[in-house]
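Trainee: What follows is the residue order along each chain.
There are 2 protein chains.
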Amino acid sequence: MSAATATEAAAAAAAAAAAAAEGQGIWRIDADRLWDRLMALARIGATPGGGVNRQALSAEEIASWHAMIDWALSAGLEPSTDAAGNLFIALPGADRDAPPVLAGSHLDSQPGGGRFDGVYGVVAALEVLTTLAARGVRPPVDIVCVAWMNEEGSRFAPGMMGSETFAGVRSLQAVREVRDADGIRVADALDALHAAFPSLRRRPLGFPVAAYVEAHIEQGPLLEAQERVIGVVTGIQGKKTFDVVIDGERGHAGTLAMADRRDALAAFARIATALHAEIGGHDDAVKFTIGRLQVEPNAPSVVPERVTLRIDLRHPDNAVLDHLGTRLVELCGTLAAPCQASVTPLVDAPSNGFDAALQRAIAEAAERIGQPHMPILSAAGHDARHLAPLCPSAMIFIPCRDGVSHAEHEWAEPAHVVAGANVLLRVLLPYARAGLGDSP
Amino acid sequence: MSAATATEAAAAAAAAAAAAAEGQGIWRIDADRLWDRLMALARIGATPGGGVNRQALSAEEIASWHAMIDWALSAGLEPSTDAAGNLFIALPGADRDAPPVLAGSHLDSQPGGGRFDGVYGVVAALEVLTTLAARGVRPPVDIVCVAWMNEEGSRFAPGMMGSETFAGVRSLQAVREVRDADGIRVADALDALHAAFPSLRRRPLGFPVAAYVEAHIEQGPLLEAQERVIGVVTGIQGKKTFDVVIDGERGHAGTLAMADRRDALAAFARIATALHAEIGGHDDAVKFTIGRLQVEPNAPSVVPERVTLRIDLRHPDNAVLDHLGTRLVELCGTLAAPCQASVTPLVDAPSNGFDAALQRAIAEAAERIGQPHMPILSAAGHDARHLAPLCPSAMIFIPCRDGVSHAEHEWAEPAHVVAGANVLLRVLLPYARAGLGDSP
Chain A
1 MSAATATEAA
11 AAAAAAAAAA
21 AEGQGIWRID
31 ADRLWDRLMA
41 LARIGATPGG
51 GVNRQALSAE
61 EIASWHAMID
71 WALSAGLEPS
81 TDAAGNLFIA
91 LPGADRDAPP
101 VLAGSHLDSQ
111 PGGGRFDGVY
121 GVVAALEVLT
131 TLAARGVRPP
141 VDIVCVAWMN
151 EEGSRFAPGM
161 MGSETFAGVR
171 SLQAVREVRD
181 ADGIRVADAL
191 DALHAAFPSL
201 RRRPLGFPVA
211 AYVEAHIEQG
221 PLLEAQERVI
231 GVVTGIQGKK
241 TFDVVIDGER
251 GHAGTLAMAD
261 RRDALAAFAR
271 IATALHAEIG
281 GHDDAVKFTI
291 GRLQVEPNAP
301 SVVPERVTLR
311 IDLRHPDNAV
321 LDHLGTRLVE
331 LCGTLAAPCQ
341 ASVTPLVDAP
351 SNGFDAALQR
361 AIAEAAERIG
371 QPHMPILSAA
381 GHDARHLAPL
391 CPSAMIFIPC
401 RDGVSHAEHE
411 WAEPAHVVAG
421 ANVLLRVLLP
431 YARAGLGDSP
Chain B
1 MSAATATEAA
11 AAAAAAAAAA
21 AEGQGIWRID
31 ADRLWDRLMA
41 LARIGATPGG
51 GVNRQALSAE
61 EIASWHAMID
71 WALSAGLEPS
81 TDAAGNLFIA
91 LPGADRDAPP
101 VLAGSHLDSQ
111 PGGGRFDGVY
121 GVVAALEVLT
131 TLAARGVRPP
141 VDIVCVAWMN
151 EEGSRFAPGM
161 MGSETFAGVR
171 SLQAVREVRD
181 ADGIRVADAL
191 DALHAAFPSL
201 RRRPLGFPVA
211 AYVEAHIEQG
221 PLLEAQERVI
231 GVVTGIQGKK
241 TFDVVIDGER
251 GHAGTLAMAD
261 RRDALAAFAR
271 IATALHAEIG
281 GHDDAVKFTI
291 GRLQVEPNAP
301 SVVPERVTLR
311 IDLRHPDNAV
321 LDHLGTRLVE
331 LCGTLAAPCQ
341 ASVTPLVDAP
351 SNGFDAALQR
361 AIAEAAERIG
371 QPHMPILSAA
381 GHDARHLAPL
391 CPSAMIFIPC
401 RDGVSHAEHE
411 WAEPAHVVAG
421 ANVLLRVLLP
431 YARAGLGDSP
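So the sequences go chain by chain: A and B.
Counting with the UniProt record's numbering, you get residues 1 to 440 for the letters of the first sequence.
Counting with the UniProt record's numbering, you get residues 1 to 440 for the letters of the second sequence.
Next comes chain A alone, as it looks inside the complex (with noise of 0.2 Å):
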């Protein structure tokens, strides 16, 4: 049988399989195995706040490893690996060496994180792949379930090292320089990590991929208040991050006079509430955040000699963005004397605009579901940035309570858990049954 012949026939088995399942009912995922899931992950590295710390490349990542390869096999799924460190699981197409589709996001979380952001879009992945194979579906390509490794950035700074690496924004040598507080470098970590799985095939860094679909938790109140269970992400906000150095001079907080002091942190606080008047005040879809901040030497009868922060910047319009961005490096430069500031760029992600064929896709959906939904921006960053260039992506949006995320009590409610995996079931339908001209 020729490749071609092969194709021809799985996509036939593959659409009498879909056919059967469609005359029955049953193109949904199990609303309780896709539950029961997630809380089970929710239990490695659960912290007593009802929330999760299961971080980068961390013995809490590897063990969710453990239970997903697991899943995986019990349904007849194909585990494997790259060198980044992303986890990868495929319901084999008939078509092994035509590019995949590609659906998940990421395992790791903050270290007071809650249970859904980012591993609800893996499980949700790995349920619609397992609704598939007990369905018998074999598509003409394979479906891949992805889990890209360090999303969040909170160990290894800064984040989506896993997805930069797969599309090429940043080497896999430089990721594996980084280090955590501790002084671990990511390759050290890594390496630990694929330790602990030696007989996991390795697929090459970064392939082909026909498309990309991230399910997701909100992250923001929107749904919630429009009342609706499904967001179309048109988008994602651009984003900049900045590393500053405020540099002074140490001195006897007793002795030396206030005219003849270069204090870092009265610099700093100066400086901050520049940033947040003019930057912060923008408008209304600007997002300014100084969120970590360290002082030296921080000792309570000492004037301050140096002050490092980091800034996140976000905003929907690239321009805006830029011009925000200029602005910020000059306010730092004329506002830090007598001290010296230094302001380093990180990340520099413009906006993005999702894929309009898989948006209209995921509104039919939900539609069809019968959910209520909306176009959203993602005010968040997520690994879909990185595919957007590669491939047609998009995500899909859930809501989550008073749109709290990277904090404990974070939490979705079960039916749009369930209503979400079920959409993204019926946007990758299509792909199990390429050619066929039938719709889920």
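In short, the hints are calculated from the structure, not lab data.
Glycine included, C-beta positions come from ideal geometry on N, C-alpha and C.
Treat each hint with caution, since some may be false.
[What the hints assert, rightly or not] What the simulated footprint calls covered on chain B by chain A, stretch by stretch (three residues with Cβ under 8 Å from a Cβ of chain A suffice, anywhere in the stretch; the number is not a length):
| # | stretch |
| --- | --- |
| 1 | 95 to 106 |
| 2 | 250 to 263 |
| 3 | 403 to 411 |
Following the hints, position chain B against chain A.
Mentor: Just chain B now, with coordinates in the frame of chain A:
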């Protein structure tokens, strides 16, 4: 022999020894021994940058006690301690029960401190006692070198624990409950210190003192600017410290609208800018410092939910100090919105003046050895602040290069170090031969 007769006989012997020494022109300390001991102690906790990290009740401080006690015993002096971890080294007097004369300072340093702050006053006092002992002087009452526990307060905050507990300003029980950043209690560190010296005699905590003299580097630029070698310290400027906690709410840096944020670090920036302008800019004499600050959760993409800071406020005029302290609390309260700020006063030490007769004695001693001197107000706090209410007290300052202290490159000229110790010797000499009427 009755106690009174013993005292008279001892005084006569001391007077004879003193007169003989004076006749031979040898009323001076051993300059090389003093410097060598300072440099020997600087090797205990030495930092790569030439400074010292010898924090309170640390292994390094215990090592410095071993050195001090070895030197004391080899000079026939008597070491002892008390329940607060103060170290005493006595030149025994004829009447062991009479209130002794104390001279000293502290052995602990800042984490990145220098080779003179504190340790100079202790080693200078030891050098004076060693000189007196070597000349066969037996004073009427004990003359005692003291090293007060934890003056700096960098490990266990706030500092001056030993002198405050000795003076009854704080209870030993309260001090023992203070914890360092690793959660170690003073109680446990103190018990470990005492366990390292099982045979050391224990004095009662707090006993009557006849007089107290403390030699110290200036920690400011005034002596250097005026080209004076000896500062006759008139008093210590008043000091207040405050702990401030600013409570906001955490949120996602990319999704939470600016208008809905309660950003604790943004509130800090506003508060600090206003405090620096109004409090720090009040007049030329005020010193206003925010030296320590912590941000929670301190993650790049999370709006800060809590900022904790320590404020250090000093002024020589007690009325102004009280006014600024009140105003500071008001400003924190009104500027924190939409966050909340709570202010806890810690240290509240008004300005004090030192004993006039001792100030005259210091000036006369400086003239006698041909060293230029000037009156000076101490901008930094010292243990002498807590002895002043108990007995006639005074301080001798020597210059430090560029006014720098609490820094690894803190430096004092050997000639100034020796001059200060010779002034201390001459100020203590009348106590070594009290009632005999002759002058050094």
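Trainee: Each hint: holds or not?
Mentor: Going down the list of hints, with the structure as the test:
1. Closer than 8 Å: that is the beta-carbon criterion, and the stretch 95 to 106 of chain B has 0 residues meeting it against chain A, so the requirement of 3 is violated.
2. Residues of the stretch 250 to 263 of chain B lying with their CB closer than 8 Å to a CB of chain A number 11, which satisfies the three-residue condition for coverage.
3. Residues of the stretch 403 to 411 of chain B lying with their CB closer than 8 Å to a CB of chain A number 5, which satisfies the three-residue condition for coverage.
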